[in-house]
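Chain residues, written in single-letter form:
Number of protein chains: 2
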Amino acid sequence: MITSRVDVTHVQIEHLKTLVTGPVQTSESALESHGHDESAWPSVSPSVVVYANSTEEVSAVLKYCSQEVIPVVPFGAGTSLEGHILPVFGGISLDVTNMNKLLEIKADDLMVRVQTGMHRMELNQRLSSYGIFFSVDPGADATLGGMASTGAAGTTTVRYGSMRDNVLALTAVLADGTIINVGRGTRKLSAGYDLTRLLVGSEGTLAVITELTLQVYGIPEKMAAAVVRFPNLAQGVEAASLIVRSGINIARGEFLDATCIRNVNLHDGLSLAEAPTLLFEFHGSASGVAEEAEAVREIVTEFGGSDFEWTTNEEERRKLWQARHNAHWAGIAANPGFRSISTDAAVPLSKLAEAVKIADEAWSASSFNHAILGHVADGNFHCFVLTDPKKPGELEEIRKVSHEITSKIIAMGGTCTGEHGIGVGKIDDLVEETGAEAVAVMRAIKAALDPVGILNPGKIFR
Amino acid sequence: MITSRVDVTHVQIEHLKTLVTGPVQTSESALESHGHDESAWPSVSPSVVVYANSTEEVSAVLKYCSQEVIPVVPFGAGTSLEGHILPVFGGISLDVTNMNKLLEIKADDLMVRVQTGMHRMELNQRLSSYGIFFSVDPGADATLGGMASTGAAGTTTVRYGSMRDNVLALTAVLADGTIINVGRGTRKLSAGYDLTRLLVGSEGTLAVITELTLQVYGIPEKMAAAVVRFPNLAQGVEAASLIVRSGINIARGEFLDATCIRNVNLHDGLSLAEAPTLLFEFHGSASGVAEEAEAVREIVTEFGGSDFEWTTNEEERRKLWQARHNAHWAGIAANPGFRSISTDAAVPLSKLAEAVKIADEAWSASSFNHAILGHVADGNFHCFVLTDPKKPGELEEIRKVSHEITSKIIAMGGTCTGEHGIGVGKIDDLVEETGAEAVAVMRAIKAALDPVGILNPGKIFR
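One line per chain: the protein sequences are A and B, in this order. In terms of the working numbering, the first sequence opens at residue 1 and continues consecutively. In terms of the working numbering, the second sequence opens at residue 1001 and continues consecutively.
These are calculated hints, taken from the structure and not from any lab test. None of these values were measured; they are calculated from a predicted model. Some clues are possibly wrong.
Stated by the list, open to error - The calculated DSS-like cross-link candidates involving lysine-lysine, where the alpha carbons are at most 27 Å apart (straight line), are:
{"#": "1", "chain 1": "A", "residue 1": "K357", "chain 2": "B", "residue 2": "K1106"}
{"#": "2", "chain 1": "A", "residue 1": "K222", "chain 2": "B", "residue 2": "K1222"}
{"#": "3", "chain 1": "B", "residue 1": "K1106", "chain 2": "A", "residue 2": "K408"}
Unchecked claim - Going by beta-carbon spacing under 7 Å, a handful of chain B positions derived as facing chain A:
{"#": "4", "residue": "I1180"}
{"#": "5", "residue": "K1188"}
{"#": "6", "residue": "G1218"}
{"#": "7", "residue": "L1349"}
{"#": "8", "residue": "S1350"}
{"#": "9", "residue": "G1413"}
{"#": "10", "residue": "I1422"}
{"#": "11", "residue": "I1460"}
Claimed, not checked - Coverage of chain B stretches by chain A, computed from C-beta distances (three or more under 8 Å per stretch; other residues unrestricted):
{"#": "12", "segment": "1171 to 1179"}
{"#": "13", "segment": "1200 to 1210"}
{"#": "14", "segment": "1283 to 1295"}
{"#": "15", "segment": "1334 to 1348"}
{"#": "16", "segment": "1378 to 1384"}
{"#": "17", "segment": "1430 to 1436"}
Even glycine gets a Cβ: it sits at the ideal position worked out from N, Cα and C.
Working from the sequences, and respecting the hints, build out all of it.
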């Protein structure tokens, strides 16, 4: 097992150069750019950055690293929020961003096959002329392989599911270099253990994903967006919960507090009223979206929602959701010099208002500025907490507050992470949530698939 | 490892009686009733039948069996179609049907918690007054634990998903008796490896499931059913594929050939025209279902569909779908003295017509009578093949034809099982489909979790 930092030797680096056709880099800038993600965890540089250009090259690198006991951290867009790509034990940052081909579009089967390094936005640009789209949309323009590895979700998960639901099959490379093909390009599958869903969300600790078969959807005939303001957080959250429970088939249901609205107004040139706000989207036929919008209007009005506006204007709709996707960066842009921590809790819908209140009160009582936003239709919300990178001691204090909130969330039946994953920051929370026995099973699977422990050590488990 | 039949000794049986509060049976009738499922594979009796009444009792039994190297086969309704509950290496049939409590109804969260032995129909009877329902509906009134273990699906999977999508969390007992709680009662989860979905569909080979948290849905405001006939199989299948690809939000889309229609007419007292037939269901608002039915009518008419009829009459709708659920038993009832094999293939939608044609031609060229039906909206279909139990040699011949068809299905990108699982019958097909490397990963996981190999040996792997 790897228990301390591994520095790759000159001889090993020379050998790695024979295994890949892409660059093998040790420059300061390459190491630095592969040493941090969008989280606020301190940077850690790898020993070397290796660019692989094919599944076979990934296989050759992993086989060699298993022999030499060199840690390997797969690297995509570097947009994870829990330190997934930090090479905390040194070794190799295995950059797969040049494996970015769209391999196959099967529009008739509502499926596409992509290489791991393709970005989600490029995929959707390429698909739009076929009348289909890939639904999972985290804020960042992440790579699809990274999204699969972290089990990403987004604003449309309430309707179309997360990566766990939309990766049908994949090719991956095990620690010893073995290439496996798991899952199937079919809408149903019951053939043996569900290795696809085991690898999705395994955060690069079990295998390196190199290709994905993804489910896509027909672009709906009509899409409409709606905005509504609330006098306070609680009423907005309660309204959102009831809308989902009532079975209205919304495609998106997002909450932003007044601070978030102010930030996105500044960042994206909008002029939304600075109040707790719900954003909705409806997908369907013209009459269907009108019917759904009306049903939502009725419920939000009951909960004190005002200024309900809805639109089928495509440009307005796009602008609104782009602003929502930019909320994280809008928050950073509004606070120059600061970095942010994004917490990530999910609870049963009936507990959402209570959970948001607990988090809001805890952060309000702390010395940190915060904002709250969330995929409320899924019972999932984030606190956006600001920290001054010149005061590294703040991180410890933020962790403490965050852990106190998380303990309460877990006690009420919630989870420490709805979509960001465990990474380096939630290792203890995972044990608290699911129990030492279940974590021991995860460890046993890890040991069976990666006995030397080279794959992304220090993530999920200590 | 267990390589030959294990007969439980008298001393062991006496000890087992001290571990459970339920019966421990060795009578001929108990052994016989636990020695076969709904498949045509030959019966194999266990040494002893043990009824467990709690998770703790399951734990005590498994701990003892690991020590004593006694095979354990979990037993629910006994309705599986691939020999899952056959104790091919003897040992214990662990009957969990007395663990059948509905533990919790969380209507506001659209979740319920049940014990493993609860039957799906009883669950829905109990839920109906809350305005919610559990969606997964295989033909049989299976236990929910059995449905989870085999990764069951049904007629509503196109809209609401299979067991893989609707089991949110579960309690299970590992081979050594360790009790684990995995997953979470939240709509989103990204906390470590997805052990829930690893155990769902693992066919009792990794753990014994004792409790389940299930996602449920609000009963739609309006439900409508539709029936349409086609001049031939191919046109019906093509129409169904196009309907799904066009994004019409159907809740069910089923195909039955003329023989199936004749069988269900006889069995359930219907008078449907004996022709290749598609059945649809629509869930939504009154105007929504009307709109969808009209969209479907337009497409089926293009493909030669005739006599399109739709109804929102609740009794007619129920009667139609009950008949569809009885199709398997209707086929057996129509052929007294025969048993049946139900094949189970799924392909990408664009290949469905071709795959059904291959299967239809192969069975037509054989000496066996067959019928074809399927969840065509999911690209999943079954051939219902009759065999005379007095001629056991027929099974070998049926396997041969079935394997030839399966090889072609796999070659066109399909799977050997969309919903029935691997069991004892498709062990070689699994290797052909996903490759020896992926199966080796499954075996490594099995070895890590059940090192002695007591859990349902002889299933999924040889």
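Handout entry: Contradicted hints - numbers only
Key = Violated hints: none at all, because every hint is consistent with the structure.
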